[in-house]
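J.: In terms of the numbering used here, the sequence shown opens at residue 3 and continues consecutively.
Heads up, some of the hints might be wrong.
Said to hold, decoys possible - Distance condition first, Cα-Cα at most 25 Å in a straight line; then the derived DMTMM-like pairs of lysine to aspartate or glutamate:
| hint | residue 1 | residue 2 |
| --- | --- | --- |
| 1 | LYS210 | GLU199 |
| 2 | LYS230 | ASP177 |
| 3 | LYS159 | GLU211 |
| 4 | LYS159 | ASP177 |
| 5 | LYS196 | ASP123 |
Hints were generated in silico from the structure; no laboratory data involved.
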Amino acid sequence: MRYISIPILCKQAGTLSVHKGTLTQAMDTYIVEIQGNGGHSSQPHKTIDANMIMNQVYTSLNLLLTREAPPNANVTFSVGAMSGGTVTNVIPDKAILQGNMRSYDQMTRDHLCKRIPEMIDHVVKAWRGEYSLIEFHTPTTFNNPEFVEEIMPTLEKVMGLENIIENGVMSGSEDFSYISQSVQSAFLILGTGKEGEAPVHNPRMQQKEEIFKYGASLHANVAIEWLKQQHK
Numbered sequence: 003m004r005y006i007s008i009p010i011l012c013k014q015a016g017t018l019s020v021h022k023g024t025l026t027q028a029m030d031t032y033i034v035e036i037q038g039n040g041g042h043s044s045q046p047h048k049t050i051d052a053n054m055i056m057n058q059v060y061t062s063l064n065l066l067l068t069r070e071a072p073p074n075a076n077v078t079f080s081v082g083a084m085s086g087g088t089v090t091n092v093i094p095d096k097a098i099l100q101g102n103m104r105s106y107d108q109m110t111r112d113h114l115c116k117r118i119p120e121m122i123d124h125v126v127k128a129w130r131g132e133y134s135l136i137e138f139h140t141p142t143t144f145n146n147p148e149f150v151e152e153i154m155p156t157l158e159k160v161m162g163l164e165n166i167i168e169n170g171v172m173s174g175s176e177d178f179s180y181i182s183q184s185v186q187s188a189f190l191i192l193g194t195g196k197e198g199e200a201p202v203h204n205p206r207m208q209q210k211e212e213i214f215k216y217g218a219s220l221h222a223n224v225a226i227e228w229l230k231q232q233h234k
């Protein structure tokens, strides 16, 4: 069994980016719900300030990467959402932080995936808070080199050799990675836009819809030609 996926991105229209090996970053997601003890802002000593704890967790996790990840590891930690409280004069009893780490290197990832929950635990407890942690982990997408070589003649037939390019690794993550870690797979990028224009996930993103037919053709032809080879 083999799998191929060809998403569309705002790369140069009509090109197909083909990369062998690790293609995308792994994404490790952490959602921390901090439980404190709320109260009036004039008496912070009588509270356990969930907002303050949340900010300490935010700072500690960002500092962690600067001290325990190699400088050349290309790893990032980003917090996409923080919430706590509703008014200026009440210290809330609950706050939520949601963030994720992105990485390519498995050794660095393994180390930080161990350290991040430890850091959360120590910081929250240092300020007498309690917490619950939800985490889920998306691996890197891996393009099997042998399978890519196997389907390359079909890719060239559909796209033309001059339109097949190598753009290297991607900084995003992809749930196709779960498949690629279990089955020989290829995740290829079909360009439908223009470099410099609004990227994917942007409301101003524009695509040349006439290119979409190549995506359908690639999926169909790779499947047909691969099945033919298996019956020889």
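J.: Each hint: holds or not?
T.: Hint check results:
no.: 1; hint: LYS210 x GLU199; in the structure: 12 Å, holds
no.: 2; hint: LYS230 x ASP177; in the structure: 29 Å, violated
no.: 3; hint: LYS159 x GLU211; in the structure: 21 Å, holds
no.: 4; hint: LYS159 x ASP177; in the structure: 28 Å, violated
no.: 5; hint: LYS196 x ASP123; in the structure: 45 Å, violated
This entry does not satisfy hints 2, 4 and 5, going by the numbered hints stated previously.
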